[in-house]
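K.L.:
Since chain A is already given, all that's left is putting chain B on it; use the hints.
Protein chains: 2
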Amino acid sequence: MTESKQSHIPDKKQPSPVPDGACSFQLHAECVDTSARRGTLQTRRGSIETPAFMPVGTQGTVKGMLPEQLKEIGAQVILGNTYHLFLRPGHERLARLGGLHHFMNWDRPILTDSGGFQVFSLGDLRKIDERGVRFQSHLDGSAHMLTPELSIAIQEALGSDIMMVFDECIPHPSTRQYVIESTARSTRWAARCKAARSDSGAALFGIVQGGMHEDLRQQSAEQLLEIGFDGYALGGLSVGESADIMYQVMEWSLPLLPKDKPRYVMGVGTPENLVEAVSRGADMFDCVMPTRNARNGVLFTSFGKLSIKQARYVEDELPIDPDCDCYVCRNYSRAYLRHLYQSNEILASVLNTTHNLYYYLHLMSQMRNAIASGDFADFRDEFYRKRTVAGEA
Amino acid sequence: MTESKQSHIPDKKQPSPVPDGACSFQLHAECVDTSARRGTLQTRRGSIETPAFMPVGTQGTVKGMLPEQLKEIGAQVILGNTYHLFLRPGHERLARLGGLHHFMNWDRPILTDSGGFQVFSLGDLRKIDERGVRFQSHLDGSAHMLTPELSIAIQEALGSDIMMVFDECIPHPSTRQYVIESTARSTRWAARCKAARSDSGAALFGIVQGGMHEDLRQQSAEQLLEIGFDGYALGGLSVGESADIMYQVMEWSLPLLPKDKPRYVMGVGTPENLVEAVSRGADMFDCVMPTRNARNGVLFTSFGKLSIKQARYVEDELPIDPDCDCYVCRNYSRAYLRHLYQSNEILASVLNTTHNLYYYLHLMSQMRNAIASGDFADFRDEFYRKRTVAGEA
Chain A
1 MTESKQSHIP
11 DKKQPSPVPD
21 GACSFQLHAE
31 CVDTSARRGT
41 LQTRRGSIET
51 PAFMPVGTQG
61 TVKGMLPEQL
71 KEIGAQVILG
81 NTYHLFLRPG
91 HERLARLGGL
101 HHFMNWDRPI
111 LTDSGGFQVF
121 SLGDLRKIDE
131 RGVRFQSHLD
141 GSAHMLTPEL
151 SIAIQEALGS
161 DIMMVFDECI
171 PHPSTRQYVI
181 ESTARSTRWA
191 ARCKAARSDS
201 GAALFGIVQG
211 GMHEDLRQQS
221 AEQLLEIGFD
231 GYALGGLSVG
241 ESADIMYQVM
251 EWSLPLLPKD
261 KPRYVMGVGT
271 PENLVEAVSR
281 GADMFDCVMP
291 TRNARNGVLF
301 TSFGKLSIKQ
311 ARYVEDELPI
321 DPDCDCYVCR
331 NYSRAYLRHL
341 YQSNEILASV
351 LNTTHNLYYY
361 LHLMSQMRNA
371 IASGDFADFR
381 DEFYRKRTVA
391 GEA
Chain B
394 MTESKQSHIP
404 DKKQPSPVPD
414 GACSFQLHAE
424 CVDTSARRGT
434 LQTRRGSIET
444 PAFMPVGTQG
454 TVKGMLPEQL
464 KEIGAQVILG
474 NTYHLFLRPG
484 HERLARLGGL
494 HHFMNWDRPI
504 LTDSGGFQVF
514 SLGDLRKIDE
524 RGVRFQSHLD
534 GSAHMLTPEL
544 SIAIQEALGS
554 DIMMVFDECI
564 PHPSTRQYVI
574 ESTARSTRWA
584 ARCKAARSDS
594 GAALFGIVQG
604 GMHEDLRQQS
614 AEQLLEIGFD
624 GYALGGLSVG
634 ESADIMYQVM
644 EWSLPLLPKD
654 KPRYVMGVGT
664 PENLVEAVSR
674 GADMFDCVMP
684 TRNARNGVLF
694 TSFGKLSIKQ
704 ARYVEDELPI
714 DPDCDCYVCR
724 NYSRAYLRHL
734 YQSNEILASV
744 LNTTHNLYYY
754 LHLMSQMRNA
764 IASGDFADFR
774 DEFYRKRTVA
784 GEA
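For the record, the sequence lines run as chains A and B.
For the first sequence, the working numbering begins at 1 and goes up steadily by one.
For the second sequence, the working numbering begins at 394 and goes up steadily by one.
If you're looking for bench data, these hints aren't it; they were derived computationally from the structure.
A few of these clues could be false.
If you want the footprint, here are the derived chain B segments under chain A, 3+ residues with CB under 8 Å [stated by the list, open to error]: (1) 446 to 456; (2) 478 to 489; (3) 651 to 663; (4) 704 to 717; (5) 730 to 743.
DMTMM-like cross-link-like pairs, simulated, lysine to aspartate or glutamate; straight-line CA separation at most 20 Å [stated by the list, open to error]: (6) B/K464 / A/E72; (7) A/K309 / B/D709; (8) B/K652 / B/E665; (9) A/K71 / B/E634.
All C-beta atoms in this analysis are idealised placements derived from N, C-alpha and C, irrespective of residue type, glycine included.
Extracted from the complex, chain A is given alone in its bound form:
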């Protein structure tokens, strides 16, 4: 490592137009070769070292994991889904039961989505107008209307530490005209969300939309900055576009966001996506990929993905990844994990999820260390080298 690769401490924080106290973000180091950054996001329920991955806890549980197990593998913050919790058990009930943290026995930060992604995914079951989205519950067909104001009320009732504005995650492909209209509406909704906020201890993040168009992304970012939020997210990614387009949108959008605010790339993605997004200056991520893939027997390793259901593992005494230090890799063989998967055992989901989440969280921890020590570019090279070698083997 040459001296010129040393990371440097960024400039003093700029004054912020958003309310103080909800959260604060401090940058500790920036990569000189890439736009990767190492920071700390302070929330009312504790700090989050960034770049950070947030396991998804859709229905008040990260599927198959106890809170203690999540902590043991290094989860600093989890994501809760407003849509699901609104429908069941209901946000008013959750508030009476002491909020989501108490309900699910998780005392670290929770970021909540706005419910927008889920209601917009309902297809024929939903109808959009300026007020919000009318939709029918996927559980019982009951009719509801989700508005920016209700989304914030729900997130506050849950006791969210980081709330997201209610917006539309624009499908891909969409016409430019639709992207323009949808993004403009999302921006108006973002302003309504900020106005509706009553819990000054909960952070509120804006979400940049604008589809796969540079000028529309720029416009969206500028308008959100004008409103002013505690952090900024990129929405509308991982919706079927190619990785190249995804990275292009990050390159257009991330530099437009203030350096002294956390940047959250929503719903992304594969380990490669995370490395590339961090390289481009992203700080926070969530994705169902590690947990959902785990339940389907697809495991992440330093040498790529591994499908534990394959017959080749039936008598394989190796752990999932010989280079992995997780509880699963220290104690169980591929043969055992294949047996559990084939036998449809609950423990298959538990162990596979434990490993995959550890893989994701450990990857983030490795990136944080590499950025802090000025080795991020080397880390990224090595990350890809291990995958290539395995692919050739």
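P.N.:
Just chain B now, kept in the frame of chain A:
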């Protein structure tokens, strides 16, 4: 407590006709009011304090539980199923993979059943003759023959610490003639099992059959004692007979068994059954009830059963059992557990199983303490009193 209720140390162990070294059993205390006994069964993989309950780990896992979690709630020994493990992953493969303990990461004792119960339950898919039972796999229809010799070979390949003889668990009701023939065959098979045993470090238990007939139970016990085993089980219970008949069979059979050998009542039962069986001198139990009921949302408490799916718990902030000290009752409300169950979450099975197994294991621990301190009869009264009060409330 009066002085006359003090427990006493039983007579010195009688010399045993079975091979030494496989296991040893020591009685520490006997109840003066009932036939309850407090002992220690020493196996090659550690000791089991009795009376003991053995969680069932059918397919190489106690459904939903990590080995560490089982230890934390006090599991001393678990049961493995010969039939299931023979079919998948296969006993020869398991032996190559280092045995069942290594495979599933469990270093405490494992008792294995003989596979008899499962193959006899296959109905039309099985055929019995003197050699053994021909059957078709419930997984793929493949044809197999399970014999006493193969059952022992499988149990030894698994690395069992306590093996069971291959026998028929006689259906109820059956004709007296069928019980006579079946029991006689099971006795011949028991002798073949003993002859087939090659692992002198694994204990082998005989199983008393004889249906619901006192004379046939007596005959079975006497013939098994003549062959000589490391311990003795009562089979053919919990097969649809009334609790009164079950207790009657225990009262006939248990006193026939040597005091200095462990007595295992197979497949039993409810908490009440366990208390009654312990009162009648039983030392060991296994049952799928706590684990299976847990997955169906039925939870055991000091005041009886509780069905967590009921709407009445939707906003109930109490733990499952306010008198329970388990991890689940210390951290989660009925409202949360109901939500997880209604949402079909993996964590519902994990938490419910943790509670139910804790309930069973803690019940055994309470009975051990009560026998040791001479308070067992009082304990039993209190056990029923709590249930009655709740029933009246």
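K.L.:
If a hint holds in the structure, say so; if it doesn't, say that too.
P.N.:
Here is how each hint holds up against the structure:
no. : hint            : result
1   : 446 to 456      : holds (count 4)
2   : 478 to 489      : holds (count 4)
3   : 651 to 663      : violated (count 0)
4   : 704 to 717      : holds (count 3)
5   : 730 to 743      : holds (count 9)
6   : B/K464 / A/E72  : 18 Å, holds
7   : A/K309 / B/D709 : 41 Å, violated
8   : B/K652 / B/E665 : 23 Å, violated
9   : A/K71 / B/E634  : 48 Å, violated
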